[in-house]
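Build the complex from these two chains, which are given one at a time in their own frames, with help from the hints.
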Amino acid sequence: MLKRPAEKKQNSSAIKNKIIPMLGAYHEYFLSVIHLLLKHDSEETIEKRKIVERVFRKLPDWFYDIRFDIAIHVGRRYFIIKLDQLGEVLFSIHHLARSSFEDDFLEKMTAPILGCANKVSLFFAALITVLERKELKEGVDDFSEEIEQLEKNFHEILLSKNEFLDTSKDYVYFAEFICELKELRAILLKLAEALRTGS
Amino acid sequence: MLIGWYKKFFFYRALRSVASLQRTFFLCYFEEEVDREKKIHQQRKKVSLALQKNPELTPLVDSVFSLHQLRHRFKDAALLEACSRELKALNKTSIDFLLGGKSYAKNFSDKINDVESLYNNTLRVVLPDPAIFLFFIQDLYAFQEEVEKLYAKKTG
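Going line by line, the protein sequences match chains C and R.
Counting in the working numbering, the first sequence tops out at residue 199, every number present.
Counting in the working numbering, the second sequence tops out at residue 1156, every number present.
Next up, chain R with everything else stripped away, as it sits in the complex (with noise of 0.2 Å):
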């Protein structure tokens, strides 16, 4: 029962490390910070050290660095202004989903719509290239999908 107890402490405090790196990475979309990258290689190694002891977190780790490729690829100021309210609701609601679970999924689920009406009704037609918020998209969902793979195996 204990080793149960701390197997689940260690994979709680993992999941917090990830929700860290994650939120992170969006606030680099809204804030200029000096020593940013120091913040993020420091996050690195908290996430690198719950890999240790939580392999089958890689995957969701992985999606989570795909995702925000998205901040060496988009960096136009007015554009970002123009999704802050939508990037600033992913932010709080995958981490939401990320630490909470099933019970924040919807939530997750619709702000990742938001995001897709925003680039089919705008950024698609703006943006000089809309692949980019296009593989943004995609990865949302690779982060949605492995979060609830996480899940269903934890209570499965």
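Isolated chain C, as found in the complex (with noise of 0.2 Å):
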């Protein structure tokens, strides 16, 4: 079935007035939940976290029906679906960065979660860059090396402390929030490929 021009303009204009924004203040939240995660300040993520609500609350559901005939629409549903899980791992990240973790132990962490947070910061950027149809100034670094950081870093107070990783509520949380940051490259890199293949 072909869209009348009406639909087809209705439709990209939503992608560039809904879509975006959502990356921005997906964007802008992540910042601050690493902000409250290492300094225990929970004001700036509680304004972020009401734009990210107030942006999401304007998603139109149809870009959630299922139209396999316009391939083209496919490809959208499935950036959404993902934008959708990409929220979720955030508030999941946020979930857990209100635990308070023992000064000591955020030190040792502090250096690769900043590394992973720039990195982070990068990909939305450059995502954001290739929606609004700009040229991208320089390519992404994708931020596994940071994580493995972090895992090794993890493992090394684990291991210190001789400590198993169901002994203490602290390190299962960390443990959760370096899963949901593998989680998070693995969505971003997804919406990277979406975008690469949809262009």
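These are computed hints drawn from the structure, not numbers from a lab.
If you're wondering where the values come from, they're calculated on a predicted model, not measured in any experiment.
Please note that the accuracy of each hint is not assured.
Straight line, CA to CA, 25 Å or less: simulated DMTMM-like cross-link-like pairs of lysine to aspartate or glutamate [to be verified]: (1) Lys82(C) - Asp1035(R); (2) Lys1039(R) - Glu183(C); (3) Lys190(C) - Glu1033(R).
Dropping the structure here:
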């Protein structure tokens, strides 16, 4: 079925007006959650979360309709579903970041966490740039090395304290935090791949 | 008095929307449905509206999202079948606890213990990555804590 020009125009403006702000809001929210984790300061996170919810409520439901006849719609639907999953991962990270980890534990984790946060930030910015149909000035780095470093530091702490993962609530939460970062990475890569194949 | 009644009304309405989201997430483990993502999205929107009036529910909602990250991590049909009884019981008791409060706390707590036994006796041996279930159990306790906190605030 051919789309009428008006519908086409409406769809592409919906992408621009709804998805880009959603990505932008998730980006800011992620950074505020990392700030909460490292500095125990929740004020900014509360504000950024409100923005996420406000932008999220504006996403139209028709994005989710299954219309197998229109290939471009299938691609958009996939993108939106991944974007939703991204939100779920960020809410989960927020939940974990509320835990008050010990200061000396966090101190050993700060450098790789900030390394991850910077790369995630660049990733978000690159996705937005591509969606805005602007030219990417430079390539985007994967942050698997930073996650590996984080994992390594975490295991060293467990070994030095002669502890198992399930002996402390904080350790379980931190292991889950690393797991969420891996999922965040997987989703961002899929979003980038979807944009690459869709363009 | 009328303001108090309205606040209570919106609070319980918000809890019901969180309960619906919880139910929709739990159904993911038992049923295949084509437009599942659309349903989750619509439930999320209702929860989002509820958060606008009841921001104090945010930690509870986040614990629900964290809990159900399991649906992306745990996809082995045979293993899901093996723990379907426990998951179904958790679905029911967690919603009862969420909507009914203290009088349903023990029921829910018993079901968490059942899941913990299942993890200790079976899943930690057979799962390729047992940590994912450990995260789930930890998040169940977090959910329980958040509901307790909410009711303590409301009644305290």
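Holds or violated: are the alpha carbons of Lys190(C) and Glu1033(R) at most 25 Å from each other?
-> holds, 23 Å
Are Lys1039(R) and Glu183(C) close enough, with their CA atoms no more than 25 Å apart?
-> holds, 22 Å
Would you check the hint for Lys82(C) and Asp1035(R), treating anything up to 25 Å between C-alpha atoms as holding?
-> holds, 14 Å
Hint violations for this structure: none, all hints satisfied.
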